[in-house]
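Q: Below, each chain spelled out in residue letters.
Protein chains: 4
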Amino acid sequence: MFLEKIPSEGLAHLSYVFGDGKQAGVVDPRRDCETYLDIAHQNGAEITHVFETHRNEDYVIGSQELARRTGAAVYHGHAMDFAYGNPVSDGDRFELDGLFLTILETPGHTYESISIAIHDPAFGQEPVGVFTGDALFVGDVGRTDFFPDAKEEVAGLLYDSIFEKLLPLGDHVILYPAHGAGSVCGSGMASREFSTLGYERLNNPVLQRTDRADFVQFKIQEKHYQPPYFRKMEEYNLKGNAQEMPRLPRPRPMPAAEFAKAMDNSMVAVDVRSPEAIAGASIPGSLAIPLDMIPAYAGWFLEYGRPIGIVPEDGAHEQIETAVRYLIRLGYDHVPGFLEGGLHEWETSARHYQRIPALHIAELRERMENNEEFTLLDVRKHDEFDAGHLANAQHMFLGDIPARLDEISRDRPVVTFCGSGRRAIIAASILKQHGFSDVSDCLGSMSACADTACPVETSD
Amino acid sequence: MFLEKIPSEGLAHLSYVFGDGKQAGVVDPRRDCETYLDIAHQNGAEITHVFETHRNEDYVIGSQELARRTGAAVYHGHAMDFAYGNPVSDGDRFELDGLFLTILETPGHTYESISIAIHDPAFGQEPVGVFTGDALFVGDVGRTDFFPDAKEEVAGLLYDSIFEKLLPLGDHVILYPAHGAGSVCGSGMASREFSTLGYERLNNPVLQRTDRADFVQFKIQEKHYQPPYFRKMEEYNLKGNAQEMPRLPRPRPMPAAEFAKAMDNSMVAVDVRSPEAIAGASIPGSLAIPLDMIPAYAGWFLEYGRPIGIVPEDGAHEQIETAVRYLIRLGYDHVPGFLEGGLHEWETSARHYQRIPALHIAELRERMENNEEFTLLDVRKHDEFDAGHLANAQHMFLGDIPARLDEISRDRPVVTFCGSGRRAIIAASILKQHGFSDVSDCLGSMSACADTACPVETSD
Amino acid sequence: MFLEKIPSEGLAHLSYVFGDGKQAGVVDPRRDCETYLDIAHQNGAEITHVFETHRNEDYVIGSQELARRTGAAVYHGHAMDFAYGNPVSDGDRFELDGLFLTILETPGHTYESISIAIHDPAFGQEPVGVFTGDALFVGDVGRTDFFPDAKEEVAGLLYDSIFEKLLPLGDHVILYPAHGAGSVCGSGMASREFSTLGYERLNNPVLQRTDRADFVQFKIQEKHYQPPYFRKMEEYNLKGNAQEMPRLPRPRPMPAAEFAKAMDNSMVAVDVRSPEAIAGASIPGSLAIPLDMIPAYAGWFLEYGRPIGIVPEDGAHEQIETAVRYLIRLGYDHVPGFLEGGLHEWETSARHYQRIPALHIAELRERMENNEEFTLLDVRKHDEFDAGHLANAQHMFLGDIPARLDEISRDRPVVTFCGSGRRAIIAASILKQHGFSDVSDCLGSMSACADTACPVETSD
Amino acid sequence: MFLEKIPSEGLAHLSYVFGDGKQAGVVDPRRDCETYLDIAHQNGAEITHVFETHRNEDYVIGSQELARRTGAAVYHGHAMDFAYGNPVSDGDRFELDGLFLTILETPGHTYESISIAIHDPAFGQEPVGVFTGDALFVGDVGRTDFFPDAKEEVAGLLYDSIFEKLLPLGDHVILYPAHGAGSVCGSGMASREFSTLGYERLNNPVLQRTDRADFVQFKIQEKHYQPPYFRKMEEYNLKGNAQEMPRLPRPRPMPAAEFAKAMDNSMVAVDVRSPEAIAGASIPGSLAIPLDMIPAYAGWFLEYGRPIGIVPEDGAHEQIETAVRYLIRLGYDHVPGFLEGGLHEWETSARHYQRIPALHIAELRERMENNEEFTLLDVRKHDEFDAGHLANAQHMFLGDIPARLDEISRDRPVVTFCGSGRRAIIAASILKQHGFSDVSDCLGSMSACADTACPVETSD
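Chains as they are written, first to last, in my numbering: chain W, 354 to 813; chain F, 354 to 813; chain B, 354 to 813; chain L, 354 to 813.
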């Protein structure tokens with residue numbers, strides 16, 4: 354019996370391929386699904402079953418793509434009316450060569466959420482592991498904010514799913530959740546990606562709230578952000594209408610002149626380089642999203658329908674492929690080109706470029722001490738801001754900036770600020786796009802404050 | 354926190370590299386240790402701690418090699434007088450960046466055996482997993498036959514280690530053993546390589562013997578084989594005197610004439626092709642060990658000190674590298690060359706080759722029914738033979754053949770036989786080496802009997 | 354300026370990708386065309402031009418596939434009425450960023466054959482190299498047997514193309530032909546794949562025939578074979594109607610039972626293992642074609658339309674991918690599965706297997722000396738046979754066997770024979786398919802005779 | 354017969370591995386020599402001969418390393434007293450399996466320089482190609498400035514070598530030089546890496562100087578730079594005393610605190626990121642050398658003996674390996690670590706960082722038009738500067754800066770300037786190291802002037 358976890362970086366999405374003998378199953382496949390085929394192939398097995406733990410909202414699920422390539426059947430919870438696949442119910446059982454699976458309905462995160470227990474009949478009838486989707490994570494539980502009109506109900510459902518369905522499977526059961534640390538689907542996850550139901554029962558902070566009302570109360574007061582692209586994912590994953598993707602799109606090299614012209618014609622330039630490189634020189638009008646932040650932030654700022662042009666480091670072809678991979682997982686399929694030669698070619702052809710000067714924390718403090726006039730724009734999440742921020746900082750969550758630009762003064766310099774300076778560079782690029790002229794980024798940001806004598810306040 | 358399992362195929366040896374932040378540890382490294390360095394590197398960590406769960410007897414441990422490359426400290430149980438490294442004792446605690454480890458003395462398999470529990474202090478003080486070495490496996494426990502004069506004592510020690518040290522850690526603890534299915538260090542292991550202490554407590558057949566005396570009785574009646582190479586491994590792993598191996602040896606291509614000449618000068622030819630290819634044509638005097646059987650069987654037949662020449666499939670350079678990798682793990686470091694062009698070159702240069710005709714199970718049965726004169730040599734292990742064999746089969750365990758050749762009649766044909774025909778091809782090549790002229794191999798062997806009406810007997 | 358040669362093994366087909374700045378061109382692409390895209394990409398260029406030197410007859414050309422993926426324009430000689438692409442004529446000139454190309458019509462091999470000279474205008478107007486298609490090779494010239502009714506004409510055209518078009522370009526011009534050693538498109542090619550027009554002028558044996566009549570006479574007496582699959586290639590490459598192939602087909606693992614059943618339902622089993630392995634044990638009814646012989650021989654024996662099942666070495670997944678790659682280059686697109694577990698699984702499930710005993714040259718000679726009754730079937734080409742064969746050998750070219758089976762006696766044993774025993778194993782498997790029971794293969798064959806005192810005769 | 358060119362990027366060094374049958378030879382191997390072994394291995398050959406065309410001065414030759422691994426013999430010209438290897442003379446002949454080589458003494462670049470012609474005896478006695486070392490390149494000839502006291506003599510020797518030894522081999526001979534475009538060993542090389550003696554005779558600009566005196570005159574007025582590291586290379590390559598390097602050094606991850614401390618203890622930080630990233634934020638005191646510029650510029654600025662710490666982009670482990678590879682080729686073997694987490698970690702730990710603002714060409718022109726006080730430091734080579742530079746620019750070749758710092762005014766801002774801004778970032782980092790506070794880099798530099806109305810002057 355084999356079982357492999359496939360992480361999708363950035364999304365912190367975890368999918369699984371497992372099997373025995375000639376048959377294999379996949380749980381929550383991503384859209385670029387070659388890797389499942391490869392692993393099954395190496396194990397001499399064929400993918401026959403694909404399970405979706407729920408209608409995922411944070412990425413385009415690859416069930417249909419995988420089914421097209423293998424003929425596998427797709428299964429998901431009956432409580433939602435999917436346009437494809439087969440409904441399953443509590444207690445349903447699936448046999449693959451040397452193993453069997455049982456379905457548990459575990460609503461809460463969504464109504465149709467299921468978990469799938471995996472059993473090794475050569476040893477016993479108890480499950481050896483369980484795929485919990487977005488119900489239970491290592492160190493956290495799933496978010497329950499998708500149904501604002503029923504928030505108490507769904508939080509209660511999640512309590513029941515965890516305490517009455519999952520934990521009773523036994524302390525010995527290995528946990529296989531759908532997300533790891535860094536996912537937008539939960540905020541308290543451990544960086545460790547291995548655990549058991551028993552270890553979670555003992556140590557997961559949320560599971561210490563064994564009183565149902567207390568648990569529900571805790572969940573309904575949680576604050577989560579919902580990126581606008583979630584709507585598109587929900588549509589794709591309900592209707593199964595994302596376009597077929599037999600291979601990864603391959604953007605073509607665009608010389609600076611062509612790239613500039615395409616930008617004039619509605620192409621949005623996404624600069625995937627490091628914050629320092631973007632700070633040094635970048636294309637006016639481009640949107641900065643350092644490569645590994647695409648999964649988490651592209652969905653806040655990119656419109657569906659507009660073509661995307663990548664600005665990579667010169668020669669870093671692997672950045673282009675990674676960017677495309679990240680983008681198509683979010684349903685951004687139209688990436689016609691990349692800036693050939695990187696910024697270097699842009700510079701040598703004398704095209705204008707912008708600078709976003711880095712501002713050291715010591716310089717920032719000095720400005721504050723001198724009572725200089727400037728806006729310190731803190732773009733972190735509410736809970737981060739509340740837990741500690743610099744005095745006089747203006748708070749505006751990164752994702753909200755496009756809609757709240759008029760709340761930012763144009764009469765004085767802006768210093769963007771976040772946990773480390775990385776989200777701040779995205780913010781800075783957005784301000785630049787909208788005509789703010791004096792924008793700098795505090796590289797280091799809050800993390801750097803820890804090591805200096807900065808005046809930190811908390812909200813209450 | 355990361356933790357990765359590194360399997361060494363064939364040996365079914367499992368080693369682990371784990372870490373957090375800037376520090377990483379390795380448990381039971383193999384000698385070709387690049388992979389640990391790569392994984393630590395990818396995680397931004399440096400290997401600082403190497404643990405040996407015990408003085409391994411089935412492979413050359415890579416602790417020294419890894420320490421040479423990283424400066425890491427090596428640790429092992431205090432109950433043996435190692436010529437290198439540092440002794441540890443029950444309760445010792447090691448801190449790496451974001452995790453800590455605790456040592457448990459778990460003797461039984463050997464006296465100095467230790468287990469190492471891994472803790473995530475961000476969540477709790479209980480261990481989340483435990484490296485159990487050869488004390489506890491998935492579906493089995495370690496063998497206790499290495500101290501024939503103290504077999505009751507060590508079996509009892511193992512019982513105590515498991516029931517009083519390991520299982521009390523809690524059902525929720527993930528099991529990280531030193532071997533998986535197919536190892537010579539235990540026979541009942543599951544093909545599944547993931548489990549927990551709780552799942553084993555419930556389902557491991559040996560752990561159902563909760564009565565100490567019953568457990569001890571069961572263990573002392575077990576039969577295990579000890580390949581002769583174990584002595585060499587024990588010496589290497591006690592003294593730490595295996596030679597430095599900064600990179601994998603690279604055998605050079607030998608044309609047929611050179612290969613033949615080297616064979617005349619003491620080089621042993623090891624034919625790593627498939628049983629069918631060996632059956633079709635092979636070099637007289639060569640030892641057949643299909644590639645993936647090297648880890649389990651080379652140590653029975655190859656003398657230390659003699660140079661080894663590989664006979665691969667023509668053009669299959671990856672077979673050569675794999676063979677070398679397998680051989681150096683067993684301390685066979687001197688592999689000067691391989692037959693360039695494979696058998697094809699041997700054939701086209703008109704050198705003599707031998708055939709080992711395959712014998713189908715139906716033909717075998719026919720011979721039996723016709724009472725033809727021949728020896729059916731069953732080379733499986735005692736317990737396999739006892740569980741079911743063909744009538745009139747002569748039993749001789751594969752590893753014993755070189756020492757017991759005079760028990761095999763030279764006056765009549767020999768048909769070698771095993772579970773599937775693969776071990777039988779090794780046996781056949783050994784008989785050929787020693788002048789048996791009419792040797793065939795029942796490809797299919799016992800497995801094929803399952804589907805036919807063969808007269809199977811059991812021993813009692 | 355970059356220029357890379359892409360060899361397609363087995364076919365000994367050479368294609369080229371070259372370019373400068375942002376533009377790249379490809380000459381005679383194969384159907385699995387990812388590699389051209391990769392190389393262009395690495396060089397920061399986009400493929401804009403695809404040239405076909407002629408309507409190839411020995412493989413499916415990838416022009417259309419490549420055009421679909423890049424939008425490149427396809428060009429070929431105007432003297433044939435292709436269903437796609439654009440016609441070019443002598444003297445046409447194409448500019449890519451830092452280079453230019455000129456077209457030479459070089460008929461002879463076919464009427465529409467063109468050569469393409471490549472120029473580096475930064476240095477001079479003379480060409481630096483020339484893509485000669487099947488007009489001129491390293492050590493040989495193209496075959497001229499495709500127009501039996503006009504053989505003198507086309508041989509003369511070839512003479513003119515070489516002596517009046519190509520050689521006048523200058524001794525200094527680098528030669529980039531469409532085939533290397535081992536191709537069915539010429540028999541005298543050098544193993545060396547680099548040469549110049551000048552080196553060929555001096556050393557190419559055929560170019561020493563500077564007298565036109567002598568050249569023509571030499572060419573028309575040449576004997577070439579035309580595998581039946583050429584007809585299909587010509588159709589595909591004229592009409593451009595090979596099916597789209599966005600990615601390589603991926604056969605699925607078939608357990609022995611399923612594989613056997615599929616064979617009953619018209620699937621042809623192609624055994625791609627080594628001759629020795631096939632000799633040892635193979636599936637009754639299968640067609641033996643050792644992996645690297647697929648490009649040269651599959652087209653003689655496989656019908657279009659029948660599904661193909663691969664018999665690889667157990668675990669050798671790379672053999673499966675290579676086999677598929679070779680097959681689709683010949684237009685065999687339907688490869689639904691492979692025997693999972695290789696022959697081993699077939700054997701252990703007690704299915705019948707056949708043996709094709711290897712016969713050593715010394716044993717063969719002994720049989721001859723003893724005047725034993727048997728057929729020695731020599732399956733080499735005419736010219737090889739004529740140059741030297743064993744006394745009493747019956748000659749039948751490998752490709753002709755299916756049509757001439759009734760010329761082979763079924764009343765006595767057959768020993769198949771070729772240059773080394775590799776083609777002989779194909780022949781042996783075909784005889785086995787048709788009920789010949791006593792078939793053996795002389796592994797070593799003619800090559801082994803060189804080193805022994807075999808009675809060799811020549812034809813006159 | 355196989356022949357492969359192995360380029361070493363940055364050095365634009367070309368080495369070759371070739372062979373036939375079981376034997377292979379290598380010309381001018383680099384120190385990280387695995388690639389030659391791999392290629393020989395794939396071709397079923399063993400490296401038996403290593404040739405050095407001359408005592409190379411721009412990299413550590415890998416002859417000894419390769420000889421240690423293979424037992425191959427090393428050969429070089431007799432006119433220098435090497436501490437290892439074997440001397441060869443004009444006309445010496447070497448036979449490898451299916452080919453032979455002849456030695457031509459071709460002094461000029463150095464006295465002991467040789468060329469090696471390669472012959473295919475299956476076709477003719479004329480050479481098919483020639484390895485010309487630093488005598489003749491594609492589009493240029495070797496530099497002759499290493500013997501200032503004998504410059505007319507060596508230029509004349511080179512003329513004789515080319516016109517009386519090489520060109521007479523014939524127009525048809527393929528050229529295999531030791532360098533391609535971008536090498537410091539010649540400035541006029543073509544970007545194209547394939548040519549013939551004939552094509553060079555016709556088109557190489559220097560070879561148009563067929564009059565010996567004219568040729569000599571042309572050569573002795575050439576200006577070349579000699580980086581200080583050449584002396585170390587010459588010592589290594591004469592004495593063969595570079596240290597053994599069985600595998601690439603693997604720097605370990607250093608957290609910011611450790612990295613900073615090591616810098617205090619003499620470690621030099623080499624920042625290999627892009628100019629834009631360095632401009633955005635970099636470590637005070639570090640030396641900026643963008644990754645692909647290490648081969649050409651590290652030897653100007655790095656002292657032997659000091660440990661080197663790499664500053665890569667965060668997570669770009671391949672940058673570290675590449676940097677190490679480049680450095681060891683220049684004999685910089687001591688690279689103990691790299692900044693773990695890149696600049697990001699430096700920033701978040703609140704360590705000080707510097708900025709080197711990019712200055713757009715339009716801003717530069719504006720400053721010039723406004724007659725602002727600043728130094729425009731043009732760091733290109735003499736001939737580049739002479740061919741065109743901005744008015745009032747101060748010229749100082751990049752490599753000369755450390756020795757001429759006091760010629761640069763500290764009283765006013767400095768703008769570094771080169772061909773594109775890349776060398777300028779190195780210059781800027783050196784100024785920063787030496788306390789210049791207001792330094793900016795004109796990203797785009799001279800290339801950007803081409804597209805704008807900049808006031809360009811030429812020198813006479």
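Keep in mind the hints are simulated off the structure, nothing from the lab. Note that CB positions come from ideal geometry on N, CA and C, so glycine has one too. Errors might be hidden in some of the hints.
Unchecked claim - Part of the chain F face toward chain L, derived, beta carbon under 7 Å:
hint, residue
1, A595
2, P599
3, R605
Q: Against which earlier hints does the structure fall short, listed by number upward?
A: 1
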